[in-house]
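Q: Protein chains in written order, with this note's numbering: chain W, 1 to 341; chain S, 1 to 341; chain D, 1 to 341; chain E, 1 to 341.
It cannot be assumed that every hint is accurate.
All copies of an identical chain are treated as equivalent in the list; a pair is satisfied when it fits inside any one copy or across any two copies.
Unchecked claim - Each computed PhoX-like pair below joins lysine-lysine, with the alpha-carbon atoms no more than 25 Å apart:
hint, residue 1, residue 2
1, Lys219, Lys15
2, Lys339, Lys195
3, Lys167, Lys222
4, Lys195, Lys15
5, Lys224, Lys313
6, Lys224, Lys167
7, Lys313, Lys119
8, Lys313, Lys165
9, Lys119, Lys108
10, Lys335, Lys52
11, Lys222, Lys307
12, Lys313, Lys118
13, Lys108, Lys222
14, Lys52, Lys307
15, Lys165, Lys224
16, Lys313, Lys52
No lab work stands behind these hints: they were computed from the structure.
There are 4 protein chains.
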Amino acid sequence: MVSFESDYINGAHPKVLNRLVQTNESSQSGYGTDEFCESAKAKIRKAIGDEKADVEFLVGGTQTNSVIISTMLSDDEGVIAATTGHINVHEAGAIEFTGHKVIELGQKNGKLVPEDLKKYLEFFYSDESHDHMVFPGMVYISHPTEYGTLYSKNELKSISQICRKYKMSLFIDGARLGYGLMSRKTDVTLEDVAKYSDVFYIGGTKVGALCGEAVVFTKNNKPKHFVTSIKKRGALLAKGRLLGVQFDELFTDNLYFEISKHGIDMAEKMKKMFVDRNYEFFIDSPTNQQFVILNEEQFERIGQEIKFSVWEKLDGGRTVVRFATSWSTTEQDLKALEKVI
Amino acid sequence: MVSFESDYINGAHPKVLNRLVQTNESSQSGYGTDEFCESAKAKIRKAIGDEKADVEFLVGGTQTNSVIISTMLSDDEGVIAATTGHINVHEAGAIEFTGHKVIELGQKNGKLVPEDLKKYLEFFYSDESHDHMVFPGMVYISHPTEYGTLYSKNELKSISQICRKYKMSLFIDGARLGYGLMSRKTDVTLEDVAKYSDVFYIGGTKVGALCGEAVVFTKNNKPKHFVTSIKKRGALLAKGRLLGVQFDELFTDNLYFEISKHGIDMAEKMKKMFVDRNYEFFIDSPTNQQFVILNEEQFERIGQEIKFSVWEKLDGGRTVVRFATSWSTTEQDLKALEKVI
Amino acid sequence: MVSFESDYINGAHPKVLNRLVQTNESSQSGYGTDEFCESAKAKIRKAIGDEKADVEFLVGGTQTNSVIISTMLSDDEGVIAATTGHINVHEAGAIEFTGHKVIELGQKNGKLVPEDLKKYLEFFYSDESHDHMVFPGMVYISHPTEYGTLYSKNELKSISQICRKYKMSLFIDGARLGYGLMSRKTDVTLEDVAKYSDVFYIGGTKVGALCGEAVVFTKNNKPKHFVTSIKKRGALLAKGRLLGVQFDELFTDNLYFEISKHGIDMAEKMKKMFVDRNYEFFIDSPTNQQFVILNEEQFERIGQEIKFSVWEKLDGGRTVVRFATSWSTTEQDLKALEKVI
Amino acid sequence: MVSFESDYINGAHPKVLNRLVQTNESSQSGYGTDEFCESAKAKIRKAIGDEKADVEFLVGGTQTNSVIISTMLSDDEGVIAATTGHINVHEAGAIEFTGHKVIELGQKNGKLVPEDLKKYLEFFYSDESHDHMVFPGMVYISHPTEYGTLYSKNELKSISQICRKYKMSLFIDGARLGYGLMSRKTDVTLEDVAKYSDVFYIGGTKVGALCGEAVVFTKNNKPKHFVTSIKKRGALLAKGRLLGVQFDELFTDNLYFEISKHGIDMAEKMKKMFVDRNYEFFIDSPTNQQFVILNEEQFERIGQEIKFSVWEKLDGGRTVVRFATSWSTTEQDLKALEKVI
């Protein structure tokens, strides 16, 4: 059964896997002190155009969010996120587990609205009893968002300026960053992401790796004894090479961007297929996740041939479902889908 | 300067203080094992009409919320509260500090709406990926609420039934419980509070004591080794007698209810003063906290003679302010206020 | 039954209680912003001879240890304590509850040995894998210790120097500080405590107050937004005046030192009574806690007339028990004890 | 340079890696719901001879320790471990991060002594104030230990019986379990491990996998909503297949045991080489880690050709170093070592 269930349904991109095979017998020190990690870090620094950035590798997305947020916030602080933000909904309370509040703000198309952020901060600091409240210490945004949408460069810039003004960090969750950067409808570059954020990560799990996220600290702001804090959270991989090798390959010959572009090309074709057949979209997504509204008959029929994710039940028996493409989606997959929609 | 700033501006009710003086030289064991605590617990059990209830004393409101919620939730669970709930806004993240999420639901007049609660739970359990979400393990409501409003018996009953159905505890924050029970517009009794909740507390700090809240577990559900968990949270008072003596006196000869009634009588008089002068109210509160909207001139003028709390800025230079009465409010205080409004 | 069970068996010193009565009707703002707290802070600053020290009040000992340690350590750090340290044994894991390890070092007479501390630190920093270990960020000592013993000025100085060298804070738990300072066998003054430590507290609960500990930060090192962090831990008292009034009285006309001296005088008399009758001591304590070894017959006989604490079972049916004096111990109490030993 | 630095210096066993290649293009659901995980779980159940055991996969050792311990302890409980236990020394406080104390007991050859455990528990429950202490809720042992030593079946049985008596769980950290089971000097089988423990894990990272540990709950005691708790700790792998595929291969045709045996064979040969040359051993280890004492000249000389781990500095310029073999150690590696020792 062909699957558009998510962008982590397959193993690794063949080149990544091949590199693991080739390097398998090399003896390396553990915990990220191997030569592959070093090489990968250098390549990532180059890709973002910042030789001084600190790069660290972690295993997965929730882990990365939890480690970054909890090591960068101070005791009195929480993190601001959109109500739909992954850390607020689908991480089982991983941020709260570390003792910090997720401060919910409203969202529009899955995005935090700069004006809302500004209002919240003005309200907060005008409140006489704000020292009985959680101080806003960081803003979390995902790019692409959980709904596949993207911030414009102007939006990023605005949010970044607000963060500077209120001395908060801006953290960009880039679990699907590649698909965002390769979208046909974005003016945001990797350099922009590095410039406007204080810390962000380049997602590997959903873009060709078996696992792994590359965290980038861009403002000389890596937490003190960061390795110790990673270890303390059970997030330090013994064979750090597993992450180093994969990212080294992903950042060789533009592989990361090429396979992201492939995912986008597949998404655009898929989108057109739905558009041509007058399917209704739940949201207009310029990236690899497409949210389509199916009626009962469609839901039943398509579900017999194709795997997808169920997002939300609407009235009238309609359902929002997600079809995700990725680096591994094939023309054949699309044809199978086309046949049934 | 006369103060209506809050209901904790004065020391203790004279009878409570006097009892502390009288018992001062009695030697007692520490940590709540003294005879005053025993006596107070028995009186509270009698007052709620449940000889089997477990009663424990803690020092303050935030501490009580944090201890109760974090010891009654299991690892995967969070607590549902109204956006305006004290634990969600003004406790500096005390619940999250213990590793648990506060799950925000909308509010109406500071109250959780049974129907909203039901919808949320239906949505939660219908979501295929809800095991990536925080399980709702408890519902937190405050009675009176942060806006002085009260749940009706029917509302309490509905919420309680929903909790039973979804196997969640119902926790009633009674920091101002006395003022709720003595309100002229309530059909909820202390017995009802005990019956519909799984755990609640009877606030002492705001109702005549120097400090102290009496927690009541009504369903044979006191957490195992609760004293150890209290100690672990730095919440176990060495001289537990300080709490025992005060609650013993508060539950002697109906003192708790009488002084609560006095607070309500003062509030009703004060309310009438504002009504008679056509002041606008932010919300209709039947308890000891009255939220009045002042224009700039009023704000300035009254503020020179009377202390009050600033709640929220509205447009047009208007401000929501809170005037709180309590067991310690005097006719003289009201006269001073009357002169200036 | 006469009790030497602990130094927190009675209420408050009459002067302290009287002051609570006198100030009871004064209206004050909450959360420690009242005038009594301000006055008490000024008096404490004067007593330690440091006008710039930051003083804050908390309710009890375990709470104070937990708040101080968890707000002053960074994420990668733990606190070093003697195996017998209160935080390591009798606080139900309150430090670990905040996410930090108590690093146990051996003890001698209940005290941390400077040489042991030094060795541990040299070992730690020589270990190649110490970034997989908890960094030592603070040293915790109690003075007097849990066994009533005292550090000499030289010992304090040595430990302080080691802390400076390794960039660790020195935290002195002064739950019974008064009895230490008034001991007949100490060369340590309150000024020394302030000078050699980075933070310490002056215990009120065991020295004349109903509750309350005064935390002193002596190196311009009060954590940022400390009130928020206190609130987050459920440790912020609404009626902060309860602490302010008590400490204001304790630091008026040397009351704190006088009543501590009384406790010591009583302890010395008691000690002599045991010495004269050839009782064996478990440890030589120069403060208000005396640890005596009783045989079965003595244990039985004395226990029928006098309350004491059981410390440890030794072989041969012998038991280590503690007799504690305090500001509230009377000559009459001593006579009752003398009759039966 | 030939390395005996650790047992995680190489990638994966070729068969494991090959299996990853073969399964790479198969589409699978995420988060451990894939068919490889199912198959691997079934094979592990069969290997331990318990069809009802619950098996779950996690990524690494510290993570596994932290997840298991923190989800199985109740709020008032801590975990007992030897002073040398990995969770007590080299996990950067990962257990304390979750709010639980590691209760240190002395060790002999890296092992917890049943008699010491018994004494501690008798002492604990005889202490009148034990409700101010951390309740012992679990015993943690590693098998093999951090010093390569092994518990005998009798020792395991004794510890298990003590745990049953005091209602504690017994958790066996099997990060190197294969090398323990294949040791020439053990009477402990995999079935014994399952029988005597309440939960244990089969280490993959150090025995042929790129990463991964298989947790086995043997007493119908998997924590409720365990997936949620894993997610909450940032430990849920999106591509759970990565773990499933590897363990499925490791438990096909006895691979796990065969490659463990190879590691042991290599260790025994290596050990003989040192014995034959009269090197002094720090401890007598029957598994894949050998601890040898080198003098300055040896340390220098061998270090130029061979990588090893530095364990501890002794007096007289001597150093304890660790030489670890594994599934990936070759005869050629041994020859290189032999040449230089």
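Q: Which hints from the list above does the structure break, by number from lowest to highest?
A: Hints 1, 2, 4, 5, 10, 11, 13, 14, 16 contradicted; others consistent.
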